[in-house]
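Going left to right, the first sequence walks through residues 1 to 284 as the UniProt record's numbering numbers them.
To be clear, the hints were calculated from the coordinates, so they are not data collected in a lab. There is no bait here: all hints are sound.
Have a look at the derived ranges for each label pair, beta carbon to beta carbon: (1) D146 <-> V218: 23 to 33 Å; (2) R274 <-> A196: 17 to 27 Å; (3) D103 <-> A134: 28 to 38 Å; (4) P87 <-> I258: 47 to 57 Å; (5) D195 <-> E215: 22 to 32 Å; (6) D103 <-> M79: 26 to 36 Å.
For every residue, glycine included, the Cβ atom is placed at its ideal position computed from N, Cα and C.
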Amino acid sequence: MPELPEVETVRQGLAKWVTGRRIDTVEVRHPRAIRRHLPGDVHFAAVLKGRTILDVARRGKYLWLPLDSGDAIIAHLGMSGQLLMQPAGAEDETHLRVRITFDDAGPQLRFVDQRTFGGLSVSEDGAELPREIAHIARDPMDPLFDDELFVASLRRRHTEIKRALLDQTLISGVGNIYADEALWRSQLHGARATDALTRPAVRRLLAHVRDVLGEALVAGGTSFDALYVNVDGESGYFDRALNAYGREGQPCHRCGTIMRREQFMNRSSYSCPRCQPRPRQPLR
DNA sequence: ACAGACCCCTGGTCGC
DNA sequence: TGCGACCAGGGGTCTG
Numbered sequence: 001m002p003e004l005p006e007v008e009t010v011r012q013g014l015a016k017w018v019t020g021r022r023i024d025t026v027e028v029r030h031p032r033a034i035r036r037h038l039p040g041d042v043h044f045a046a047v048l049k050g051r052t053i054l055d056v057a058r059r060g061k062y063l064w065l066p067l068d069s070g071d072a073i074i075a076h077l078g079m080s081g082q083l084l085m086q087p088a089g090a091e092d093e094t095h096l097r098v099r100i101t102f103d104d105a106g107p108q109l110r111f112v113d114q115r116t117f118g119g120l121s122v123s124e125d126g127a128e129l130p131r132e133i134a135h136i137a138r139d140p141m142d143p144l145f146d147d148e149l150f151v152a153s154l155r156r157r158h159t160e161i162k163r164a165l166l167d168q169t170l171i172s173g174v175g176n177i178y179a180d181e182a183l184w185r186s187q188l189h190g191a192r193a194t195d196a197l198t199r200p201a202v203r204r205l206l207a208h209v210r211d212v213l214g215e216a217l218v219a220g221g222t223s224f225d226a227l228y229v230n231v232d233g234e235s236g237y238f239d240r241a242l243n244a245y246g247r248e249g250q251p252c253h254r255c256g257t258i259m260r261r262e263q264f265m266n267r268s269s270y271s272c273p274r275c276q277p278r279p280r281q282p283l284r
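Assemble the whole structure, with the sequences as input and the hints as a guide.
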């Protein structure tokens, strides 16, 4: 559940379910799920046993769970990762990768991930922002996000605007769907040059990013199928509100022109040919 | 600094 | 039914 609204939905659910609980056992079912934990699966399990989870925090699309030991569990969902709360008796999911049980009778935490692009690891600095994710910028919903710093940094870049929106070191939490949605709302083509945008134009774009993320969060995220669910296995419903993503061949909700799909960074980009004309000058 | 290629995976869908 | 091609919302690393 790759982007901010989906990850934040998971964070909120997790916080409710695991805060204050003490870890009993950790079972790593697939080594790839903890590949970022360099000391390996035995260490991963040992260092977590007996630890109490203090909180569930988020930076961009990363989650981290500070522990009473000063360590933190870092989690990234990748393309298909899920963090699910399940009763002990529930049947194992096909793509169950890691199981964490607690020393109470409550539900266990499961990391399920079909494509295994996501994963868990343990960081030694859980009291602060873990150094492993310190390169990730604040997200635009963060009260400490600095709008003017973002506007200035973006305009200093010489790159395409969609590329900048997806750069997690500049602004975090935005992925392919919400980038396309914000660009549609801003009536900007993703190939527009960052350094050719005016300050007000970047501020408007940022406002649209914030709006679309906020609306999607209220809706519980965007889910196309059962792969994208919250910790209770429920889907969000923001997909009904999409104006750009996945709408190739359908009429633009603003002007009726047939929406197009283009390849960009080896991903699909959706836009309206009329509202979001390609820039006349390609980036050079 | 930045672009681009390539890597990591599984599974659903579509056309033949 | 089977098969191959293509698609999928992530990000990390390396090269130029």
